[in-house]
Amino acid sequence: MSLYHQRGVSAQKEEVHAAIRNLSKGIFPHAFCQLFPDFLGGDPGFVSVMHADGAGTKSILAYLYWKETGDTSVWKGIAKDAIIMNLDDLLCAGIYDNILFSSTIDRNKKLIPGEVLEAIIDGSRELFEELDKYGIRIHYLGGETADVGDVVRTIAVNGTMSARWPSDKIVSNEKITAGDVIVGLDSFGQANYETEYNSGIGSNGLTSARHDLLSPYYRSFGETYDPTLEEQVAYIGKHRLTDSMEIEGKSLNVGRLVLSPTRTYAPFVRALLTTSLDRVHGMIHCSGGGQTKCMKYLPDNFRIIKDNMVEPPPVFNLIREAGGNDDREMYQVFNMGCRLEIFCEEKDADHIIGIAEGFGIKGRITGRVEPNAKKELILQTGTAEITYSY
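In this text, residue positions in the sequence shown follow our numbering: the first is 619, and each later residue adds one.
The hints are simulated quantities; they were obtained by calculation from the structure and are not laboratory data.
Result set (EDC-like, lysine to aspartate or glutamate): computed pairs, CA atoms no more than 16 Å apart in a straight line:
| no. | residue 1 | residue 2 |
| --- | --- | --- |
| 1 | Lys-685 | Glu-733 |
| 2 | Lys-694 | Glu-733 |
| 3 | Lys-694 | Glu-744 |
The following label-pair restraints were derived from C-beta to C-beta distances:
| no. | residue 1 | residue 2 | range |
| --- | --- | --- | --- |
| 4 | Leu-641 | Gly-688 | 41 to 49 Å |
| 5 | Lys-787 | Leu-759 | 22 to 30 Å |
| 6 | Asn-716 | Leu-641 | 22 to 30 Å |
| 7 | Lys-787 | Lys-751 | 17 to 25 Å |
Even glycine gets a Cβ: it sits at the ideal position worked out from N, Cα and C.
Working from the sequences, and respecting the hints, build out all of it.
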């Protein structure tokens, strides 16, 4: 059994999907978000969406870093993670403007003071103001902040987004077909709307990553992990969050590397969809499930071949070395340096890559779609060829 499963972590969320199997998939069943009729406006030309997500256990890394350094600014990054994990899901359904957002912050008041809440709220406001410069309007409608120390050991930062959107501007993934190529966009580096290097980590897989990376020193923070975890899987790494390393000529510590705020692709997606919607056959946010995420949204049985993946950025190699995880596990847990995929005709790939490069985001054709009798993913990592069958 892998360390991920020993810690009660499942990248595929099998039990969750089993629990919701009888719920409606909405009116575009292959779209990245569940989309429903325009219940509020009653307009048959519109759809409605309400989507929830959050920063996950990345907030525990922020808690540890804050306790060790006193730096409250890391909480602004957690606010951005919670928003972007929602926003970039909506982007993949074609929705990029006039969005409503409500935050939910559950905290243990004895451990999380008001200054942390203030940093999270300020971080949210700052992100909305920055996105507005690119024509992405998100209306912050408040939310719920609950003191629930009996339920939450430290803090949980989540949010809900909702929107109405023209149905003829939805990216439904139904156009994905054999012969398409996959344009993959980097999750790391520094886009021209980012203020610092982004490690590409996003907000997935960090329960196990932090235990593999961080040293037994952090067991003294018992509030940050499940007390039923055995010592052989709890904080078994060699790093402190303040350990420094060189990344692309910059000195970064481990904490800043794994707490790098999730990149949003919103400015690029808005530019793409307002000018070239007809060229986009499908969009996938490679979040939970990593490079296998696309298999959930295919409209038919296809073989997906990914044989030109980007070289994983340093943060993933750091995690791999710390945990001793093989490629099969790494690529189905982490984005591995590519967090947005666009399915299109091969003739349109350079056009899409050019728009991305205009925002300082690197892209490439990472794979292709082939006909097949069943859904299958073949992934070449440079060191192995891995087959996932569905």
